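Novice: Those sequence lines, one after another, are chains U and L.
Sequential numbering of the first sequence, starting at 0, is according to numbering that gives the first Met the number 0.
Sequential numbering of the second sequence, starting at 0, is according to numbering that gives the first Met the number 0.
Because the hints were derived from the structure by calculation, they are not lab data.
All values reported here derive from a predicted model rather than from experimental measurement.
Distance condition first, Cα-Cα at most 25 Å in a straight line; then the derived SDA-like pairs of lysine to any residue: (1) Lys157(U) with Gly268(L); (2) Lys148(U) with Asn163(U); (3) Lys117(L) with Gln145(U); (4) Lys272(L) with Asp289(L); (5) Lys294(U) with Ala49(U); (6) Lys287(L) with Leu125(U); (7) Lys125(L) with Ala8(L); (8) Lys260(L) with Phe152(U); (9) Lys302(U) with Ile318(U); (10) Lys272(L) with Leu122(U); (11) Lys294(U) with Asn213(L).
Pulled from the structure, derived: some chain L residues nowhere near chain U, Cβ distances all over 12 Å: (12) Leu134; (13) Val207; (14) Val246.
Partial selection, computed: residues in chain U whose CB lies under 7 Å from chain L: (15) Pro123; (16) Tyr131; (17) Val141; (18) Ile146; (19) Gln314; (20) Trp316; (21) Tyr319; (22) Leu323.
Cβ atoms here follow ideal geometry from the backbone N, Cα and C, with glycine treated the same way.
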Amino acid sequence: MATTTNPTSQAPVAAPGGVAWRPWWIWIGLAGLALLPFVGGKTGLISNFAFLQLSLMIVYAIAVLGLNLLTGFNGQISLGHGAFFAVGAYTAAILIDQANWPFWATLPMAALACFVAGYLFGLPALRLEGHYLALATFALAVAVPQILKYRHFEPFTKGVQGINIFKADPPFALPLSSDQWMFLVVLAVAIVMFWAARNLLDSRIGRALRAIRDQPLAADTMGVNSSHYKAVTFGISALYTGVAGALHAIIFEFVSPDSFRFELSIAILVGAVVGGIASLPGAVIGGVFVQAIEKYADALTKKISATVHLPLELQPWTIYGIALIILIYTMPTGVAGGLSTLRRRLKRP
Amino acid sequence: MEQLIQQIASGLANGAIYASLALALVMIFVSTDHINFAQGEMAMFSAYLCWQVMQWGLNFWIALPLVALGSFLAGVAIQRMILQPLHNAPVLSVVVVFIGLLTIFHSLAGGIWSFTIKEFPSPFPKVAFAGSGYLGSHQVGMILVTLLLLFGLYAFFRFTPLGLAMRAAAQNPGSARLVGVRVDWMLALGWGLAAVVGAVAGTMVAPVVYLEPNMMASILLYGFAGALVGGISSPGGAVAGGFIVGVLENLIAYFGNLLEKTSGIYVIGNGEKLSVALVIVIIVLTLKPDGLFGQVSIKRV
Chain U
0 MATTTNPTSQ APVAAPGGVA WRPWWIWIGL AGLALLPFVG GKTGLISNFA FLQLSLMIVY
60 AIAVLGLNLL TGFNGQISLG HGAFFAVGAY TAAILIDQAN WPFWATLPMA ALACFVAGYL
120 FGLPALRLEG HYLALATFAL AVAVPQILKY RHFEPFTKGV QGINIFKADP PFALPLSSDQ
180 WMFLVVLAVA IVMFWAARNL LDSRIGRALR AIRDQPLAAD TMGVNSSHYK AVTFGISALY
240 TGVAGALHAI IFEFVSPDSF RFELSIAILV GAVVGGIASL PGAVIGGVFV QAIEKYADAL
300 TKKISATVHL PLELQPWTIY GIALIILIYT MPTGVAGGLS TLRRRLKRP
Chain L
0 MEQLIQQIAS GLANGAIYAS LALALVMIFV STDHINFAQG EMAMFSAYLC WQVMQWGLNF
60 WIALPLVALG SFLAGVAIQR MILQPLHNAP VLSVVVVFIG LLTIFHSLAG GIWSFTIKEF
120 PSPFPKVAFA GSGYLGSHQV GMILVTLLLL FGLYAFFRFT PLGLAMRAAA QNPGSARLVG
180 VRVDWMLALG WGLAAVVGAV AGTMVAPVVY LEPNMMASIL LYGFAGALVG GISSPGGAVA
240 GGFIVGVLEN LIAYFGNLLE KTSGIYVIGN GEKLSVALVI VIIVLTLKPD GLFGQVSIKR
300 V
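Sequences and hints are given; from them, build the entire structure.
Specialist: In structure tokens form, the structure reads like this:
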């Protein structure tokens, strides 16, 4: 077996030279989203449950963005991002439950805790490439629930039972329900984090990250301190996913070890691959996909089983797996990559 | 002391399972440089198939060859249909495909046979023998089957022309192709054999952990740890590594218990098994990625 693989093919790239953003319609869209609670809440067109779903989509988009930064832009594979999601969620839940912190103050702490956790995990990961890194992070993902149940953590984590927390009411007597208020909070956090990620990727650091992914040797030769960058990227990536975890704990009002099983890590990975692994809009698509599948795949599979008269009960994860494999063949750059290819083809005369 | 020996003995028995799964992982790694994350779920699926055939009234020793044959064909088919087209794809694509296979097998097993736990009868007769105090008959059977499997594979690779061709295809695909070895098919054969080894491991472990779709998660992790300790490029090393990890797992739990009894401080116990595997994986990967018996891999710059 040839061991010299072409490093340029390490990760599919969505569009050369970063991401094509169209600021004006992005901002109009965001303003529309921000107005939703005020419009929908009054007219009753959009239920609180729907706002919870939308919030979860945004949360997963942030988590997927974390993995995108690491895998898509820096070329390090992680199958264990559920671990950092869990660290963020537990940091927020413990601070709210035991120290009575307001929910917004837990977000920076969760970010810090996850950055440190990610940086520390990134140090041994420096020596690992490709399959080996996937293996190490796979082990991390499988071990997470057990680590959370560790007896000496129990005073904080409350073991198997998990922690219940309560959603904050909107301040300033705003005419919003807590779900609508949380939707606005999550949206604001997501805007800040996507904006920060875009600036990071467009900077010198972002170029260094992509150089390390595409041509590690050349990057080293040009004076890029690749081990420093790789460890820091691991930290930043964990930070993003951890903030998503904290937000998830806050809007879901509950954390327990079994919410952070291996399936969560897979879901984040699937979101990243479906959306497009090296693309910021891809992260949004991925987040929407993850939550939509979690919500609707059950009904969809039941319908398919019924219409095709399958003799067995089709599980949503079967469709997940099949979709994943088909996607790798047909659209290796994800939906975002597929769309930009399509646009380029249409534009060409 | 008595207890310590008991722990080591049952560690060897668990180690047999880790060893056979590690062997399956190594077979795929050696021939294709891929780490098969779906190996555990494939083994689980084979164990379910075996259970199903036994439900239809066949004896275990008739069901096992049938299931092994089915697993072999499935392994070959997966390699030919799903992985062969990706042979030049980036690592990420391959890893994602393995994860896809993992979820498919997992959810299919749950969909067909439900997620409730099923009992899987031990195929070995309950006989008393010297040392029965330390090992049950099923545990002895597991160890014997694993060793048998190892020697069978060794003989196959060492003494048959097909085994030679497979080794050639793995070590030097270019030259092997020039002398007329059909390299693609050799890789597919490697996959088929790995699926067979996994099927045996699955049916051996099912009586111990009971049959359920999640049964292989922790075992796969220990299989990985075993393969890495022994060296993921060396079949014999992987088997040794599997046994080492199995004993180590029990010893750590044993000394953790001892410490808690004598000093009252709880550090580690049965609840931290997966964390122990994680630590082993990370330590081996960072300090000695080629394992105890593996070949040192040199990358050309």
